[in-house]
Structures are given as C-alpha cells and as structure tokens.
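Protein chains in written order, with this note's numbering: chain A, 1 to 431; chain B, 1001 to 1431.
Since the hints were derived computationally from the structure, they do not count as laboratory data.
Among the hints, a few may not be true.
Claimed, not checked - Selected chain A positions facing chain B (in silico; Cβ < 7 Å):
(1) A32
(2) A33
(3) R34
(4) Y60
(5) A95
(6) A98
(7) V298
(8) E300
Said to hold, decoys possible - Far from chain B, by Cβ distances over 12 Å, these chain A residues were calculated:
(9) E147
(10) D316
(11) P350
No residue lacks a Cβ here, since even glycine has one placed at the ideal position from N, Cα and C.
Each chain is listed here by its residues.
There are 2 protein chains.
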Amino acid sequence: MSGSPLRLGIAGLGTVGGGVVRLVLQQADLLAARCGRTVQVTAVSARDKNRDRGLDLSPYAWHDDPVALAGSDDIDVFVELIGGEDGPAKQAVEAAIAAGKDVVTANKALIAHHGTALAMAAESQGVALNFEAAVAGGIPIVKALREGLAGNRFSRIYGILNGTCNYILSAMRDSGGDFADILDEAQALGYAEADPAFDVDGVDAAHKLAILTSLAFGCPVNLDAVHIEGIRNVSAVDIEFATELGYRIKLLGIARLTDHGVEQRVHPCMVAESTAIAHVDGVFNAVVAEGDFVDRVVFEGRGAGEGPTASAVMGDVMDIARGIRLPAFSVAANGLKTIDAAPMDQHIGPYYVRLSVLDQAGVIADISAILRDLELSIGSLLQRGRDPGEPVTVVLITHESQEAALATAMTQIGKLDSVVEDPKIIRIESL
Amino acid sequence: MSGSPLRLGIAGLGTVGGGVVRLVLQQADLLAARCGRTVQVTAVSARDKNRDRGLDLSPYAWHDDPVALAGSDDIDVFVELIGGEDGPAKQAVEAAIAAGKDVVTANKALIAHHGTALAMAAESQGVALNFEAAVAGGIPIVKALREGLAGNRFSRIYGILNGTCNYILSAMRDSGGDFADILDEAQALGYAEADPAFDVDGVDAAHKLAILTSLAFGCPVNLDAVHIEGIRNVSAVDIEFATELGYRIKLLGIARLTDHGVEQRVHPCMVAESTAIAHVDGVFNAVVAEGDFVDRVVFEGRGAGEGPTASAVMGDVMDIARGIRLPAFSVAANGLKTIDAAPMDQHIGPYYVRLSVLDQAGVIADISAILRDLELSIGSLLQRGRDPGEPVTVVLITHESQEAALATAMTQIGKLDSVVEDPKIIRIESL
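Assemble the whole structure, with the sequences as input and the hints as a guide.
Here's what the structure looks like:
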C-alpha cells in the first residue's frame, strides 16, 4: 500500500449517498488493491442527522452544513450528492474547490448550468471536477469521451438519457396504452416522480446532453441552446404506425456538428428497428458516440439507481485516488471554444407526418401540391380508413427535409378545409 | 501548451500502424488540445522500407530493427504493432521496457501469453504497458474495466470478441447457408483470412478473453485455462432451430466466477433473442460487464480495422501524454492472485441437444429414462418428421444441467440403436 488513505466527505445521504457509503465499506479490499491505497469515508453531511438510512454514521464526522464539510481538514475529496443547480450544492462545490479539495459530483443540473465556470475554478486550483455519475448513471461515458475515444473527432453523440421516458415509451409500445395511463403506472412503480415534469418534459435529458456536447466538441456548456421537447404528445397511434413502418419511438438527446454549427436537441425520435438503440428498453440508458476513426460505439446500461450511480461516483473517486486529474471537459477549461448553435429551423432530416383528413376527392392532391411547392418529397404514404364518414388517417414519411420548409408546409396543410386536426410530426433520426 | 512533445516510435506499419501515423497527422490540433502537449511520430520500423503504404515516411527516423527502435533516444513511447506472441514483437517490447519507455501495443497474442511477466517488468521500471487495442478493437473496454467500472466486483464478463466469426454466423442466419459456403464468401470479401483457423477455431477470441479475465478478476493471465471451441460445427439446421426457439447462435467468450473457480470459455452459444448481444451482427464486437453495483453494462463497436484500432492505440497514447500510468491489469502485477480454473465438466447451464432418431415406438421413452436417471430435466422438446422412413430430428432444451452429467447422457443416448447420429449439443447462456 504505497499511498496514504484517500478521505471522502460525502454531502447528501439519499439513495446515491447511501450507496456510495455502502460501496466504500463493502469493497474496501478491492478499492485498496486497485488504487494502491485505502479509500475511506471520513465525514458526511445531510439535512437530517436522525433519519434512518440503514447506515451506521457514527464513524464519520457529521456536518450540518455541506459548505463546512467541503472546507474541512478531514477530507481530501468532496463528494456532492445533494442535487440542484444552485443553493447548497453549488455553494459547497465552490467552497471545496476554493479549499483545494478534489470534487466528485453526480449533479447534472449543476454541471449543465455552471460546468464551465466550475471547471475553470477547479483547474486554477489544480483539483479534479469529476461528474461521471451526472450522465447515464453507471455507463462510463464521460471517461470514454474524455479518454478512451479522445483520439477521435466526434460528429454526433446521441442517446437515451432518461430512464423514466424510456420506461414510459417502452410500456406504451408493449401495452398499446396512452401516455397518461402509463405515467400513472410508472409513478406507482417508482419509475416516475410524483412531479414528473423534469423527466417527461425532457429537461433532465437536456442537462445530460449539454454535458456530453461540451465533452465531445470542446465547447462551453450551453444548456440554453438545447431544443427541448418531451414525450407528453407521443400518442399510442403514433407508436402503432412507427411499428408498422419499422421504427421505434425513443426520446433521444442528440448533439451533432452541422454546417450551421452544433445542434443540441432532445425530442421524441423515430429510429429504425434494426438499430441497437431501438432495442434499449425500460429504464436502461444508452449513448452512441460517432467518431472519425472509431466509427460508432454504443454504450448501454442502467441510467439511475443506487448501485449504478454509486459505481460511477466510485470510478471518479478511484481516478483521484490513483492520481488522475484531467480537465473536466477533456480540454483545458480556458481552451473551450464556442461553437455556433445551429438553429432548429435549419435542421435537416426525414420526418413522420400524421394527418387526419376528410375522405373526399382531391385531399391528397392538395397536400401533395403544398409539399411539392416547398420542394419536400415523400418517401412513403400510408392511408387508413376508419368508419364511413369518419376522418381518414394519412401518414407520410418525407425524404430529407429542412425543418423550416416542413413547418411552413404543416401550417399550410393545417389550414386546408379537408384537414381536420393539426398535423402531427415526429423527427426520424438516421442512425 | 504545458509539456514537451510526446514522441512515438511505431514498430509495424501494416494497416494499424499506417492508421496510427495517419491519425497523429490528421488530429494534431485535437491531440494537442486534449493532451496539453503535442503528440508526434519520430521514428518507425517495419520489415520493408520501400513498400508503398501511401505514407510519407521521410520525416521519421527509420530502424530496420524494432529492438533498436525500442531503445532509441528519439522516442518516449514504443508502439508495438508487429504482432505475434514471440519473436521481434516480444523482444522489442522487453527492450523498450528495459530502456524505460512506455509501451502501447495492439498485440493480443503477446499479452495473452506473456502479459503478467511484461506487466511485472513495466511496473518495476515505472512505465506504462497499455493494450486497449488488443481487445475488441475500438471499444474502450480495457479502460472501462480498469477505471470506469473499477468500483465493482465483477461476476461475469462476456462478449462477441471475434468479428470474423460473428460475420459468418450472422450471414449463415441471414442466408440459411452452411459454414463452408459462408466462409468462402467471407474470405472473398476480406472478412476472413486465407488461413481462417486462428479466427474460426476460437483462438483469437480466447486471447482476448484471457486478457479480460485478468483485468476483471485480478488474476494472472491464464490462456491455458481457456476452454476453446470454434464455429466449424455450427450447422444451418441448428441456426434454424435456434431461431424457432427464440435464440441466436453467437461465438461468445465468457469469464465467470463460479463456486469452482473462474470459468474461461469460448464456444458457440445460444442467447435469447431479447438480449442486446443477440442483435450485434456482422463484424461488430460487443462486451458485457456484470458488476455488483453497476449491474450490466454493454459495449458495442467495431472490433477490428484501421480506424477503430488506431483509435484504441491513440487512447492509450493520450493517457501517457496526460501522465496517466496505471497497472496494466488494474491491480499491481505482483498483487495478481491466482484463482482456480473451474473445470468445464463442472459447468452448469441449460443445453440445446439435437438428436437424429428412428421414427419408432419407445425412442423418446429411452432417451427420457437416461436423462431422468442422471437427474437431467427437460424444459422443452421439439420433434420434426421428415419423409416417411427417414430419421426424425428431436431437439431438447434442458434445464440447468451439469456438463459432466450431460456428457454422460449424450454418450449413453448416442449408443441407443434408435439414435442414428452423435447427439449435437450447444450451450445456452442465460443472460
């Protein structure tokens, strides 16, 4: 055992914090063998000292205030598991960096909002700012982008970044149920929060995507530039059509270099049934990295939960124990270069369009004329009659189209007398 | 740019060596930004100086002898891309270590045969011995096991480790063709070597598996303990039955901790159609790691080729450029602990059994009696009549069975007069 023990101060003793404490106890021999030194928890902080967590906290110094823990002489590494983009989490991380402590955090909101500034501060102090657990739970994707695949210029990074949404979409497909019903089920099973907005509206995935974008493309974290759509509007009928057309609907986070800059977008996507990511179901996450030398690498695993998140936190801690301190976003924080944000109306890709039209002569001709005049071309068309006299559903798959032109077409089509509902579009991602 | 340039000496200028030279030239700015120092090739060695490689070698010092390159004052890192378990590759790597150079190699045969001894030598010299490119091409699985997932106790590591075999099995399934025909096609397409034995007999996968085993379980590399079966005996009819039963046949390398020690085995496996690995087709590789905290993580990507292998080599080089030098097998080489090799006859799992029997009364009763007496139980049974008077095919899926008992049963069943061919078995892996 060459080195001195590495002393952890853990702020936040919820599910993840408890998992980290348990991991350190349970794997003590393993951590020592793999790090060449012991890893131990020396101090903790949480809101309520007396809550029963199934953990004996008596060996650890207790701090009511995470900021006090962050600056404490008893610790080498401050492990921030409080959560939240501001408030105590941010104050404590800043205090830890100022005190020269290495920082490990699972806090995606914090890094998505303040990652660049925190990375600057950490680098000027010569300490680590590690956040593997902030993205895709147990999948070591941050390390893969920052190290293993770092010889590549990335062209696109995308993934299933929110397990709640993926669970709901998978269950909708399996059962044919509607969003609202499946959300209720997911809440009952503990796969969705009582207030599900943060997950189902795509905000959580956007946080993770903004971090991945910065890592992959070497630009400052720019959460404001992420185009965000959640899954509330995905309907059972669209899932049915997707299946019929050879697709699955997934909520993807996608960062892509285009001629107009970097696209960052979170929205429901149709992906071909033949792709790996189409088969990532339930609460699993997946991230795909596309690089110029490596081609495509797919990573899949649990995106949340005590064990996977503790595993990611410990990977970060072990790097520090082994003396590895790399720039948080792969390149030095002062070397991050702003890249233009590509506007969504410049987005180009195929689209799924679902229309509800009156079953009368000339409707398809009117729609086709609008698309033709905007130079949008159709790859395939499905028509489903319902009962006589009822509206007919028409589904179009476009060839590569520009979003602005497609939006114009949808407005014009929506105004046709024979079109009885607003057109519904879902982007198709070519993988 | 804080540090001095990192100088690479590259031995072996085949496909991979050429790819590494091209990567260093093409990504010079990227490598400098991500490493905080420039990375350059200063010297090279290959068998034939005059072969046209589409590369200008004039900027680099030339060495006819890789051993001389390894000890040269012009280099900081010796990149071994010669191949072969002994001979010049081994001599040059040993010379580089002795001269205090960091070593990066893509040579799985070398590491599978001599990895422990080389790791000891490297650690006593304080240099790196990195071999990401030796396993699963562009997939950063070595780094994931050694670092990102290092907080876990692994229970099983398995994967599709040979692209040639996976291509052949995928093509057999797609076309219904037999092994020999598809092998011919694969050779014509350049997916299989003129002498395919190293790939199709499972030796290449065994090399990679032995390396993964050592990394995951902290034991010395023990290639001799790997049970190896290739894919020559996989027949079109078995692939057909697999599909009917909801399985795919894959050549897997599997390392698993059991009550009898560590199992290391490479053999054709039936895997459930619902698993991620069942859908990894063609020349792609995949590795699955199962750890106690992270649960299951799946990695998928290209297992060979110029770009992916160069990407993996560069990941290793960049670690060195950034000052990261970890023990080759995660724990210190002198801390690797021998684990008993679990004998294959103690293997427990379900089995697929295919029999060709005469269509006469009592056959199934005879077979069932043999299985019952050995306490083997059957999960399902399929029977396929052919033409009248012709033998009938019977397929059994057993419940969890011990290999020794199953082998005894197969010997006894094979001796029945009504059984007209040797029973064919394929192990089923529960994933």
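For each hint given before, does the structure comply? Return the numbers of the non-compliant ones in rising order.
1, 4, 5, 6, 9 and 10
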